[in-house]
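Chains as they are written, first to last, in numbering that gives the first Met the number 0: chain A, 0 to 304; chain B, 0 to 325.
What the hints contain is simulated information worked out from the structure, not anything from laboratory work. Certain hints may be false.
[Claimed, not checked] Pairwise CB distance ranges (calculated): (1) A:P228 - B:E38: 53 to 59 Å; (2) A:R128 - B:G282: 38 to 44 Å; (3) B:I64 - A:T214: 29 to 35 Å; (4) A:T214 - B:M96: 53 to 59 Å; (5) A:P228 - B:H59: 32 to 38 Å; (6) B:D287 - A:P228: 43 to 49 Å; (7) A:L97 - B:R118: 42 to 48 Å; (8) A:L301 - B:R216: 54 to 60 Å.
Heads up, the beta-carbon is just placed ideally off N, CA and C, and yes, glycines get one too.
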Amino acid sequence: MLRFLLRRAVLALLVCLTVLVISFALTRLSGDLAISIAGPNATEQDIATVRKNYGLDRPLPTQFVDWAVHAAEGDLGRSYLYHAPVAGLIKERMPITLTLGLTGLVIALVVAIPLGVIAAMREGSLLDRAIGLLALFGQAMPSFWLSLVLIIWLGLNLQLLPISGVDTWQGYIMPGIVLAFSAIPALMRLTRAGMIDALSSDYIRTARAKGLSSTKIVLKHALRNAAMPVVSVAAVQLGFMLGGSIVIEAVFALHGVGYLAWESISKNDFPVVQAVVLILAIIYIGLTLLADAMNAVLDPRLRAA
Amino acid sequence: MSPVLEAGNLRVTFGTSVAAVRGVSLTMNRGETHCLVGESGCGKSVTALAIMGLLSRTAHRSADILRFHDYDLTRLSERGMARLRGDRIAMIFQEPMTSLNPAYTVGSQMAEVFQRHRRVSRATALDRAAELLQRVGITAPGLRLKQYPHQLSGGLRQRVMISMALMCEPELLIADEPTTALDVTVQAQILRLLQNLQRELGLSLLLITHDLGIVARMADRVSVMYAGEIVESAPAGALFAAPTHPYTRGLLRCIPVPRQVRRDEPLGSIPGVVPRIAPDFVGCSFRDRCAQAMPDCARHVPRQRATIDHDYLCRLPTDWTRAEAA
């Protein structure tokens, strides 16, 4: 168990390093930063000053090492836009994004797993096909459109939920639903496929031969074995939600990390962009590692590997 | 004494095109070993699953009689059947490698069945499990209980399956090719184990196999299945001494018997394979492979009695074999 996790952790660390390089390189590839920082009316002189002040005249490897070392110490540079440390900006906004992502994930799991289980138990039936169709719709629906529909319907017509901001917890519900919608189809299909597989297996026949109740057979014996791919994908989906909440945070005016990223991309605030990419990547890696650990708990065969 | 299990005209069909079991009747008494033999695909396993009520949803079962003691299994609800399964009727399967759930320890899977039917604490159930593992010849049962299926060999897993089936002291044990997936030395151990357990516990054992060597060693009574029907049924001794159905005779000719086979003479074989039978099939299903077939075999086939407890499904008279020998 420990060796398995250790190996995964070392791998994760290597991925982290790669991400560090890529996130650094991407911002440098998007044009001359000094020109964009100096602004449209700057003279050659201004640009040269900016380049010198921001250290952009140094060779790239030096810049990278400088940034990486600082990043490792928790110093992610200063935002040009906010004139504040990037780390602080992100720390302020992270709770909103995390809460939103977790809300989305919980809604997605609560909907997708029961639907997948029911579809698998009634494989080929009308109900199964109806659930499949629903998943198809969910996948095809653009999230900005769904956001607007929900805002109009639940927010304006029925006035059940606030249409923007997160002054109360209710503010998370609508954006959470929208985020969940993008994750439900994949999770549902995986649950269904895994359950169909598990339910037709020999050990389920054994469980039935033991006279266990169908609840126990489905929830204890089948779902446990079907859960592994679902756990892996749920972790990835949560990563997507955290990184992909940009649109939704903008629509619902939630000042989270996604909103910050959107702002800094459009204003060329590259230290912020770089830092957001890095932090989301690290969270992503952490989630994958967590999924590996959970799978090792679920499947004893992995622990020996 | 009333029989433990009684099946009359048991039928299983899959959709409208396949009849897997076509009117099987058998009776099992207490402490009896009844062997169901036949080629792959003849409906042995489906018969067992039909008795257990474990057929897939695509299968349709019907029977004139299907009784276990006083329970009418044709009328029993799924919940009622689940209460019998694992408690008074248990089953072990052909595939020891995949029949245990990979996610749970041996102990947890064994304890589960006892807790389900006996409402005891987990500790009591685990004690019982350890006792049974010891009984099936597993040393260090305490260690095995904590292990996962993938940590055990095939032979050990099948022993675990057997001891799991015995947790509640069932009266009827259905064993579907319990040794087919195991190597020969382990096979012998498992069979000896089943024999001993049966004697000690007074089990009725429905043993499904295609191996006539196992039949000769284990069976009190033998039923030979072909294409979903029992074509011949007799006490083991009578069946080996005086096989009457052409299929049974063909099967027995396929076994090499020491001192009877000659080096220059090929071992017997039956040409062709078991046909797929539709529900509206009439006549003898073996006629296409049978050397004795006659035109009338395409019509109804009678079940005849050779002796009081030996019957066979064929038009040929009981003494036809003497004519063949002559």
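Hint by hint, work out which the structure violates, then give me just those numbers in ascending order.
Numbers 1, 4, 8 - these are the hints that the structure violates, sorted from lowest upward.
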